[in-house]
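For the protein sequence lines, the chains are V and F, in the order given. Numbering (this note's numbering) for the first sequence: 6 to 157. Numbering (this note's numbering) for the second sequence: 48 to 842.
Worth flagging that the hints you see were computed from the coordinates, not collected in a lab. Heads up, the beta-carbon is just placed ideally off N, CA and C, and yes, glycines get one too. Please note that a few of the clues may not be correct.
Negatives, chain V to chain F, calculated, CB over 12 Å [to be verified]:
1. A74
2. A118
3. E143
Label pairs and their computed distance ranges (CB to CB) [unchecked claim]:
4. F:E582 with V:R17: 29 to 39 Å
5. V:R24 with F:Q618: 27 to 37 Å
6. F:T292 with V:H130: 25 to 35 Å
7. F:P456 with V:E127: 40 to 50 Å
Chain F regions said to be covered by chain V (calculated; three or more residues, Cβ under 8 Å) [claimed, not checked]:
8. 241–251
9. 288–302
10. 434–447
11. 555–566
12. 760–768
Listed here are the chains, written in short residue letters.
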Amino acid sequence: MHVAITVNGVRREADLEPRVLLVDFLRDLGLTGTKIACDTSQCGACTIHLDGTAVKSCAVLAVQADGGAVTTIEGLASNGGLHAVQEAFHDQHGLQCGFCTPGMIMTTVDLLAGNPEPTDAEIRHGLEGNLCRCTGYENIVRAVRQAAEVAR
Amino acid sequence: MTVTEERQTTTLVGESVKRVEDARLITGEAKYLDDLNLPGMAHVAILRSPYAHARINGIDTSKAAEHPGVIAVYTGKDFEDLPALPCAWQAGGVENFVNTPRVLEIDRVTFTGAAVAVVVAETKYAAEDALGLIEVDYEPLDVVVDVEAAVAEGAPQIHENAPGNIVMDWSIGDAGATDKALGEADVVVKERLVNQRLIPTPMEGRGAAATYEPSTGEYTVWMTSQDPHIMRLLMTAFVFGIPETKMRCIALHVGGGFGTKIFLYHEYVLIAALAQKVGRPVKWMETRRENYVATTHGRDHVAYLEVGAKRDGTITALKTKTYANLGGILSTIAPGIPTTLYGRMLSGAYRIPNISCQVLGVYTNTGMVDAYRGAGRPEATYLVERAVDLVAAELGLDPVDVRRRNFIPPDAFPYDPAGILNGLEYDTGDYEKALDRALEIVDYEGFRREQEAARKQGRYRGIGFSTYVEICGAAPSAWIGTVGEGWGASMWESAMIRVHLTGKAVVTIGTQPQGQGHATTVSQIVASELGIPIEDVTVELGDTLNAPFGYGTYASRSAAVGGVAVYNSLQKIKAKARRIGAHMLEADVEDVEFADGKAFVKGAPDTAKTIQEIAGAAALAYDLPEGEEPFLDDTTYYDPPNCTFPFGTHIAVVEIDAETGEVSLERYIAVDDVGKVINPMIVDGQVHGGIAQGIAQALWESGVYDEDGQLRTSSLMNYAVPKAEFFPPFEVERTETPTDVNPLGVKGAGETGTIASTPAVVNAVVDALMPLGIRHLDMPLTPERVWQAIEQAKA
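Here chain F stands alone, though its shape is the one from the complex (with noise of 0.2 Å):
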């Protein structure tokens, strides 16, 4: 009999650890933005244009200049030197036709919120008043807020190097192919879809605040952002054309972020070259109002498709022809939304032989349109959710049964979805395991049996499904490189860690949290990694001083990537500390293991050496192997081979007031898999939080313009975000099928639950309502067009 010694090591990972976050959150100890106060700080309000398109003729200061307390008023000629901001991430293979902010606007607006002119005073109440004087002469201009009336024949041109509005016309896939399957196919369903307009309001607003040194031409720029490193990047190479060793960027506790700080926004840049103006800190807080006028946006696709199919449900063709909505200047990296995340991503969870998306990126007199949780995979996959409802309605087939016919097969993987992935392929996938615990959560025959009986009593329940996938782990960055994809760098991650010499860990990652909980998964990786106890564990971000480089939090990476860095970093350190301690123990570093935070000859733990006592010992470095450099610690960057490839089940059950058109969302389950999970208490909160996103576009939130190009939701007032009565408790399991891409197995729970919930919603109303022969609905399904549409459909 062999007897193999298996060490149980002890882990921290795939525990619910309590956050190290919350202390300082739960108390008001933590700082954000607007919570720095500088000495001598100046505050800034900024003045932003009310017509949707204008030009400027003039702009006079004079009387604001005046005001009490005002330190200085400047228009967008004050800063003519500094150029137009970057657009980072650009259609892949295609011309685009870029147009960015400036820092602010000259002599033209194109948005309703277009930034025209600044005001730097002694409060901000002062700053406030004296917006109220700046005399601005606009010369309105004809304005367009449709995308699809903007790329309509005698539209308004909005830039002069952007014929027709187009920003980009991007392909995937083989057109001609395609069309031939759509050709022959049993059935073809065409349909049009409104992803409509989100606005992703994070409680806490966009500011920033920012120092100047005169001696040394340095900034400190702090900045409610996901990616500091990205923005110093961003402003010192592509803004002010300074080493990037003359900025220092720095985000404190970020209130949320959901994509909308990301981007490098032209009033980060005003601050930092305010701060050099008026020879003083300044801050900048935006107000909920600037929030909804001027922050980023989200989706806002028109999206044309045609799907086809054999009589048995297997579908054998997807075409799209989509208008993405970019707004009316573009954000940083506005193409890259509805090209690389949402195209190439419209095979779902299913074997389509035959894709082809077109998507024409469109200017229009809106607020800029990025990135938004999910960004592009929540459009994809609300198309393809939708496409196989459509399919299973047409041939009166059960929607659950489409999706397992069409499903790529666990055998399936790696997996090639038609080539549109460009060279990337689906890591691993279990796809019916997700769904069969879904159907058995919910009572699948049961539910048809009690909604049978209530269609008999004329009331309209409804199930709906989401058989998700999305991309997470962004990203591999030589498939970035060779096909012109992603920020034009990179997007590996790093983690640098020093274990001190009283065996404290000190981990600096690159990842930049906005609630995620970094700190805590971090350190639950380092304290199971080195063996040392969770508290001796601390995590530093935020600031550009003094860390690796890294490329930020947004793509569900943090884990993937970044997590990654740290996990293989520790592997180094953990090397390292077994030939420190293979020395101290006098021992061939053969014969030694190190394990649960010793280094130990093997078979023999109880002589051992702790990582504490090896800490010190490298760290004081009086008697160290020949050759060897003091101190444990350790720089590594992660690049990784692919992206992974999340995927799971989502269930929603409703009830239909047929009088009211009210939508009662009754139940809401979700079996996720995204791989090995390190903490099943965060995901859990990631899922909760990101279902709830999806759920709210598909019956309440929409960002709506009217045709003058006013946001008429601009305020908490008018915008539906969801209050706590509006769901029920949401049911949230998981399987796990982890990953091959990384070591740590883990694939991404950040965008989850925005991705899969929004059609499995709109699926379970249609469901519903089906009975009335209505097969689709545009969103959000607010009683109002719930009701119009029954009635229409009964008369």
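Isolated chain V, as found in the complex (with noise of 0.2 Å):
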């Protein structure tokens, strides 16, 4: 099937299997920062906005993301800098090997946007549905945290 996506602003189009999930579409662009670790969509590494969204990219079909538009890490910041959440994570040292950091930042940006003055207890419940392995979360809350007040 033919889809047309574009993607951290420039459009890309191609022909699929039906069947292919929107995250390896987006790893066979060479845009691997979008990570792929469980398979059954519990995890959250592959996490990008869809449309301003986040959602979980090994969950959608490409064929679903027909004509719209996709954000991932890579296109998160502009001009070359980095986004107030990326330097949360590196400030707060909110990551350690970095594997659910893209999904964790993209996860994040959308939890202040919809909710800019989070709790520690509205942070903890907003990133449910990622999983880290490396911090015990407990630097990435604080991340979170310094991003909102920087946003404030």
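Need the complex rebuilt from these two chains, each delivered in its own frame; the hints are there to steer you.
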């Protein structure tokens, strides 16, 4: 099937098998910042933004995104700088191995868009779809808190 | 009055320097194994046994081979020329009945998930499609999954060379003296403790990719690895039978390991062999289900404990017989974990005069068990810390008082724990200091008052302690060599440092991070010692090409062994810089010192040659001191004289809902002592993550097989990896007792959290339930298990 998806502001077209997952489509474009880590939509490492909302790209077929606009971790910041959430993860040591990090960051951006002043409990709840095995989440929560404060 | 010139050296060691690794990781630029895309690369999928124990009577690959996009299909018979994998760390001093995986199993499988066939295809999708077309004629055999059932009379026998399913029967300590002491003790407490199987679950699974050049016979193998140099050694010397110069092993960014990426897996060998067979680059990345069924698991002990004490709480003897489930076949260092790293740490932080330990390593029809974060020390700490609480409960004493009574005092170091460390000694320690600070943070007396009040209201609140000690910084090679423990090789570490003409330093290390931030901590050491900006340091790792051998990252050794190699190398570089600097200053070397990145005549720091000027002069070599070689560089190997022994106190505070059995973790406090700290931010992060994994064992995680050997927890849908919501904020502090083992004073911090936290939480839950007469519960302490215990206790 033919799909046309705007990825990080660039229109990308392809002929795909209907079963191709959006995450595979994106990774085949060379955008390997979006990770695959569970196959069952639990871990959130593949989180991207589809039409402005965080989705798990392993749970979306590429054809479902036809005509849509996708932002991946590679397209989050503009002008070669860092997004405030990226900076916050760096400042607060909110990452170790980094494998969950792109998904965490994409989820956090969406979380703060919907709730600019989250409590710690709301941050922890808001990250329920993203697993991290390195940090114990302690510094991720601090990073989200910092990003929220910077935005205010 | 004597004036001592105190030079204030600018140092980044001890500072929370933000990580140099992060830029790539937060932007998605970092390349992990699955991000590798080589020209002409084919994709690999592996067929795994649905049976836990079966004979393979035949495999028909013809339909799969005809599937569109399939390049080749192979079975174990196609790799018969390659031997089974090495078991590189066997239990010392006893016979080990070894069975290890083959590249693909040929005629028999001993656990669900064993690999039996492989498809190479143009795409990942085509490879996975074709797996379903392979027909395997299995003859199912009787299955045993329980470790005690496996050693019982009449159990199904898994391997011909291992009667009774015994891998090894290993003992340490003085059994006679221990039995005598138990006989003379005022009280003896006995308990059976299950340390359940865990599935490590790094966010990135395992993978490998390879190329082969027929013209030279050279392999390049990319792999998810914590120790690429060892991978090359094991693959070339023990599997392929080729010189190590014919293989290059590369670890890219590694997305967590926690031990699972230490080992040589048959899939890594398979991928290298396939590259040669199909004549194309190949790549395999496991699915999460494969990660669950076929990557190594951890823990899985059943321990029978006897501990004897005097009425005042003085522990006089500790004895255990422990069954260690090692799975259906042995992973690379499986027998070493429940022996060296478990049995030898059973004294904990206490003076226990009599200790004896027997460990039976056992085959069962389950997945491989090997090192998982902490590796043996969490199991030992769990046993010892539960033992202390059992003694306290039996005698009606405060568990804190029993700990104090038995602590090894600060003046007793170096301390030999009843001879069980086989020649090593605990280096330094001040156990009460960490305990006192943790008690202060939690307000222990206040908590006990609140607990008393809560009990009167029918509420179950509890506090649990873990005053642990562990062993890091593996290891003195002579110890490994003489006692037959460790990799069957050595465990020193290397550093190669080159200070280029411009004064920029490139440091090549043999350790291999999976998120620990080695590049940052090493850069801090280099920048501090050479007096150069941290931006001027580049750390190279993960590639056996052009790098000195290194043993990799595990056992919290990268700072205490690898970091010291870097530090020692820098001392040699500074000595050379001083000699060249003196020559440039036309002064005697004895009159010149090197500090803050400059060589200068003592007392006259204003006339100095900078490290950049010296590096330039060394590289150009127009005018060097007589006999001095050009270039400012060095390669150093560091073999530690002893291991290091971090310690600390962890405290958990819980409340239990008696109606549902749910354990609410209210506070978690950690006061660790890991010696000197290079980067507090990074150490805190390591502690946080370790605590989370240890708490998860206590409360949620368990790898469960049914009686047919099917893994019931084979995805993230049913294996309870914790989420952010599960945890309270962690309250983390430190005391600092430097080790005297190495010049940096560092001990190791990667595993303390996992080692300490599990018993702290279990002790807290048992403390909460003490009024019901409950003395012990096996993990994980899920609501169902706790509720049942409460109901039984009330009945």
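(message) For the hint 40 to 50 Å, verify it against the beta carbon of F:P456 and that of V:E127.
(response) 48 Å, holds
(request) Decide, holds or violated, for the assertion that all CB atoms of chain F are farther than 12 Å from the CB of V:E143. (result) The assertion about V:E143 is violated, with a minimum of 4 Å to chain F.
(request) Take a look at whether the Cβ-Cβ distance between F:T292 and V:H130 falls inside 25 to 35 Å. (result) 54 Å, violated
(request) Please count how many residues of the segment 760–768 of chain F have a CB within 8 Å of a CB from chain V and say whether that reaches 3. (result) holds (count 4)
(message) Minimum C-beta separation from V:A118 to chain F exceeding 12 Å: can you confirm that?
(response) 18 Å, holds
(request) May I ask you to check that V:A74 keeps its beta-carbon over 12 Å from the closest beta-carbon of chain F? (result) Per Cβ check, V:A74 is outside 12 Å of chain F; nearest 18 Å; holds.
(message) Between the beta carbons of V:R24 and F:Q618, is the distance compatible with 27 to 37 Å?
(response) 60 Å, violated
(request) Test coverage of the segment 241–251 of chain F by chain V using CB-CB distances below 8 Å; three residues minimum. (result) holds (count 4)
(message) Verify this for me: three or more residues of the segment 288–302 of chain F with a beta carbon less than 8 Å from a beta carbon of chain V.
(response) Holds: 3 residues of the segment 288–302 of chain F have a Cβ under 8 Å from chain V.
(request) Count the residues of the segment 434–447 of chain F whose CB lies closer than 8 Å to any CB of chain V, then report whether that count reaches three. (result) That given contact is violated, which follows from only 0 residues of the segment 434–447 of chain F lying within Cβ reach (below 8 Å) of chain V.
(message) Count the residues of the segment 555–566 of chain F whose Cβ falls closer than 8 Å to any Cβ of chain V, and tell me whether that reaches three.
(response) Coverage by chain V holds for the segment 555–566 of chain F (4 residues, Cβ < 8 Å).
(message) Against the range 29 to 39 Å, how does the distance between the Cβ atoms of F:E582 and V:R17 compare: consistent or not?
(response) The hinted range 29 to 39 Å holds for F:E582 and V:R17, with Cβ atoms some 36 Å apart.
Hint check: violations occur at hints 3, 5, 6 and 10; the rest are consistent with the structure.
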